[in-house]
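K.L.:
Protein sequence lines correspond, in order, to chains A and B. According to my numbering, the first sequence holds residues 76 to 428 in order. According to my numbering, the second sequence holds residues 1491 to 1667 in order.
For the record, the hints were derived by calculation from the structure and aren't laboratory data. Some hints could be false.
As the list claims (entries may be wrong) - List time: in silico BS3-like cross-link candidates among lysine-lysine, alpha-carbon distance up to 27 Å: (1) A:414 x B:1571; (2) A:364 x A:303; (3) A:305 x A:374; (4) B:1640 x A:345; (5) B:1615 x B:1649; (6) B:1591 x A:414; (7) B:1649 x A:79; (8) A:422 x B:1549; (9) A:367 x A:303; (10) B:1640 x A:79; (11) A:272 x A:121; (12) B:1549 x A:368; (13) B:1591 x A:121; (14) A:364 x B:1549; (15) A:414 x B:1549; (16) A:397 x A:374; (17) A:202 x A:368; (18) B:1650 x A:79; (19) A:422 x A:349; (20) A:272 x A:305; (21) A:349 x B:1549; (22) A:117 x B:1650; (23) A:398 x A:364; (24) A:79 x B:1549; (25) B:1644 x A:79; (26) A:117 x B:1549; (27) B:1656 x B:1644; (28) B:1656 x A:121; (29) A:202 x A:364; (30) A:291 x A:261; (31) A:121 x B:1644; (32) A:261 x A:79; (33) A:349 x A:305; (34) A:374 x A:349; (35) A:235 x A:306; (36) B:1644 x B:1591.
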Amino acid sequence: MSDKVLMKGNEAIAEAAIAAGCRHFFGYPITPQTEVAAYMSKRMPKIGGVYLQAESEVASINMVLGAGAAGVRVMTSTSSPGISLMSEGISYIAGSDVPCLIVNVERGGPGLGGIQPSQSDYFQATKATGHGDFHMLVFAPSTVQETVDLISDAFDLGDKYRMPTMILSDGLLGQMMEPVVLPEAKDPTDNKEWAVKGHQGKRAHNVVNSLYIDPKELEDLNIARFEKYKKIMETEQRAEEYLVDDADIVLVAFGASSRIAHSAVDMARKQGIKAGLIRPITLWPFPEKTIKKHIDHAKVFLSVEMNMGQMVEDVRLTVQDKKPVHFFGRTGGMVPTPKEVLEQIVKLNGGEC
Amino acid sequence: MNDLNILLAGFGGQGILFTGKVIAYAGLMEGKEVSWLPSYGPEMRGGTANCSVCLSENKIGSPLVTNPDVLVAMNLPSLEKFENDVVPGGIIIVDSSIIAKKVQRTDVKTIYIPASEIAEENGIKGAANMVILGKLFKETCFCSEENLDKGLQKTIPPKKMDLLDKNRLCIKLGREN
């Protein structure tokens, strides 16, 4: 017990990244994410790291590209509109096969939107964070502890696959405090042979680049990258199952909304309704294997999100019309209540609400 | 003790978030699952601040307290905003030196405590939040006395540790009044 500390989600993001060996942070403040940068600005100078507040999100992400290309563990964090500004840079990073960590503490959109929690960047995170054919590994923690644990994994897997990774958090998880056990600090070994850094003329110089004028060369590269994605889709899917094995009504929810769905499942069970929850931990790759296991016994699926219905499309693609897939969500910064979700469950169970 | 969902609300600067953090830390010391969620955004600047704290034996679902078991109201707008959200049979603790209005609900237990006056009379102006915490502790016994004190020690920043005994005194006054 003694080593558990209460920490804000945003501060835990920063501390976990430092523990994972990240010593380079470039960013620009935006609510509800600013505590990540504020924490980094205090800690980085004390541990020989770099904290730099850039002039914009566009500058930040290109600094991330530069540092990542030099082979160091690097990250940025922002909130929804900031990711839109970074999208060109993120595409360059993916096209250059550079690992880095991007944190999105989502707020309501579109546009300047609001500053309250939201999950309306699911499409952006999983389908098109920038132009071109590419994916990122996207992790959706649901507790402060899980945020801490996934940051370490995100850095490691980013390095392993040479690709950008994203932690998709939101204003609720970023602002709340929960007990956490911080991981042991690790010192990632520096063996990135592809990185562009000084070599005293002892080898041919490396090039990290996303420009390929010859279409055949670019196609080959994209195909090779998608071979890598295929392998990731096979091996890196993650999801948590809660009371799903005998469930008639299977909820699917990630991040903050999964906590609410979890409470609603408990309430439904108390009423004798067989509800369960599948909680995707990786949003890309989407955990289709876990969902497919339950198509036969489930009567109906219900995707619960803090948006107008985004992940529900992936649930439908996975369930393939074999069972009905419904959606319930609140948006704009509104957080659904367990009672509201329970009403949906009761309705799907054929009862009055 | 059963699960306890607490909503603390008042003006920014009354120590609402701090009080919530003491409760959450005390709950953590007690071995419970805990969460602490502040309101954030423009309403904090000169307006109201509120804070949701959940203490549970089980994993905490929504950390946002919409129907509190205990409401602490340290200003009138907070009481008016949240009075009707309290669960039937719940508790409303009102700083009666700030709020003259009476609670309309009859299906909740209402406790009026002149917390600001008590703190000021004892020379610790601005510690009404700790007086209220003492009262809340007495009413709910959400943790042991020892763990409450540990929670307080964990929450006070090292640079302000000289205020520990004054805070302890206010908690004691809250329990006795």
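K.L.:
Tell me, which hint numbers fail for this structure?
P.N.:
3, 4, 6, 13, 20, 26, 28, 30, 33 and 36
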